[in-house]
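Asks: Start from the sequences, fold in the hints, and give me the full structure.
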Amino acid sequence: MQDYEESVSFLGNWGPFQRKIFFVLLIACIPSGYSTLAVIFLLASPTHQCSIPANSNLSQEWIQASIPVQPGGGMSERSTCSRYELNLVKNLSAMGASTNWIQNHSLPGLNSEVLVPTLNQEECEDGWTYSTEFYQSTVVTEFDLVCREQWKQPLTSLLFFLGGTCGCFISGQISDRFGRKPVLFGCIGMLSIFTVAAAFAQSWPVFAFCFFMLGVGQISGYVIVFVLGSEIFVGSTRIIFSTLWLNAGYALAMMLMSATAYLVRSWRYLSLLMAVPGLACIPLWW
Numbered sequence: 041m042q043d044y045e046e047s048v049s050f051l052g053n054w055g056p057f058q059r060k061i062f063f064v065l066l067i068a069c070i071p072s073g074y075s076t077l078a079v080i081f082l083l084a085s086p087t088h089q090c091s092i093p094a095n096s097n098l099s100q101e102w103i104q105a106s107i108p109v110q111p112g113g114g115m116s117e118r119s120t121c122s123r124y125e126l127n128l129v130k131n132l133s134a135m136g137a138s139t140n141w142i143q144n145h146s147l148p149g150l151n152s153e154v155l156v157p158t159l160n161q162e163e164c165e166d167g168w169t170y171s172t173e174f175y176q177s178t179v180v181t182e183f184d185l186v187c188r189e190q191w192k193q194p195l196t197s198l199l200f201f202l203g204g205t206c207g208c209f210i211s212g213q214i215s216d217r218f219g220r221k222p223v224l225f226g227c228i229g230m231l232s233i234f235t236v237a238a239a240f241a242q243s244w245p246v247f248a249f250c251f252f253m254l255g256v257g258q259i260s261g262y263v264i265v266f267v268l269g270s271e272i273f274v275g276s277t278r279i280i281f282s283t284l285w286l287n288a289g290y291a292l293a294m295m296l297m298s299a300t301a302y303l304v305r306s307w308r309y310l311s312l313l314m315a316v317p318g319l320a321c322i323p324l325w326w
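Using the numbering used here, read the sequence shown as starting at 41 and increasing by one per residue.
Hints listed in this document are in silico derivations from the structure and should not be mistaken for laboratory results. Even glycine gets a Cβ: it sits at the ideal position worked out from N, Cα and C. Certain hints may be false.
Restraint ranges, calculated between C-beta atoms of paired labels, are given here [as the list claims (entries may be wrong)]:
1) L292 / F174: 20 to 28 Å
2) F201 / L292: 17 to 25 Å
3) N287 / Q190: 31 to 39 Å
4) L195 / N287: 24 to 32 Å
5) Y309 / N127: 38 to 46 Å
6) R118 / I322: 43 to 51 Å
7) G219 / Q190: 40 to 48 Å
8) P93 / I210: 47 to 55 Å
9) L292 / S197: 18 to 26 Å
10) S197 / N287: 21 to 29 Å
11) W191 / S91: 17 to 25 Å
Replies: Right, dumping it as structure tokens:
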């Protein structure tokens, strides 16, 4: 029985057909590479601290002092999950008390000098204020995935990669059954659909589900492109495609995603733009 390379030897190693498919498959893997860094940019956690309501009528001095300063990482930093009791701070601010020390006889339990760091603390009951130095918004800032909800950050990342694991198991079997081309474009379509759906998610569970499905489509598309190229090309062309060309296209897509994230700092708009490479691949069907 002839082996595969002998059976297709009449096609040649580098004819017009191979050159066309060589570049088409490079483009087809871009949506997968483009969405790989979504877990980095969409789930970024900016610097944050407890929010102080605008109607709290605190002096600027007390607004700055209402967040505890804690040691961390070899230097002092503001607490991210607690603040001094707001009602007490409001009373002290209204009395014109200094933030360095307080001598007050009218508040129960405070009949001597009291250092600010010794005041009772409470959780961030009014939400958080997030730094916009690097990001206008992220999934973390949108759904407040910090402090008590911080466990949802790694879980969301886990769901993305769990989706990729599931995609690895099922993509080969499905493409064997229904053909490489239909399943490849189905995966590309899945990427576009669920990145758009994620952009309109109004709750963390909905976003997490979309992110899981995004992981399924992301790795499945890459696997199918890899297998398809390995089946079509022979000899040195197959080696170059699988070891260099495909990975170069994947890396290029990741670089494009990084540039896009630099220009677009809102996670919803960035998620919408992640659908563009998939939509651009539609003409490749023909």
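Asks: Each hint: holds or not?
Replies: Structure-based check of each hint:
{"no.": "1", "hint": "L292 / F174: 20 to 28 Å", "result": "holds (24 Å)"}
{"no.": "2", "hint": "F201 / L292: 17 to 25 Å", "result": "holds (22 Å)"}
{"no.": "3", "hint": "N287 / Q190: 31 to 39 Å", "result": "holds (34 Å)"}
{"no.": "4", "hint": "L195 / N287: 24 to 32 Å", "result": "holds (29 Å)"}
{"no.": "5", "hint": "Y309 / N127: 38 to 46 Å", "result": "holds (39 Å)"}
{"no.": "6", "hint": "R118 / I322: 43 to 51 Å", "result": "holds (49 Å)"}
{"no.": "7", "hint": "G219 / Q190: 40 to 48 Å", "result": "holds (44 Å)"}
{"no.": "8", "hint": "P93 / I210: 47 to 55 Å", "result": "holds (50 Å)"}
{"no.": "9", "hint": "L292 / S197: 18 to 26 Å", "result": "holds (24 Å)"}
{"no.": "10", "hint": "S197 / N287: 21 to 29 Å", "result": "holds (23 Å)"}
{"no.": "11", "hint": "W191 / S91: 17 to 25 Å", "result": "holds (21 Å)"}
Hint compliance for this structure: every hint is met.
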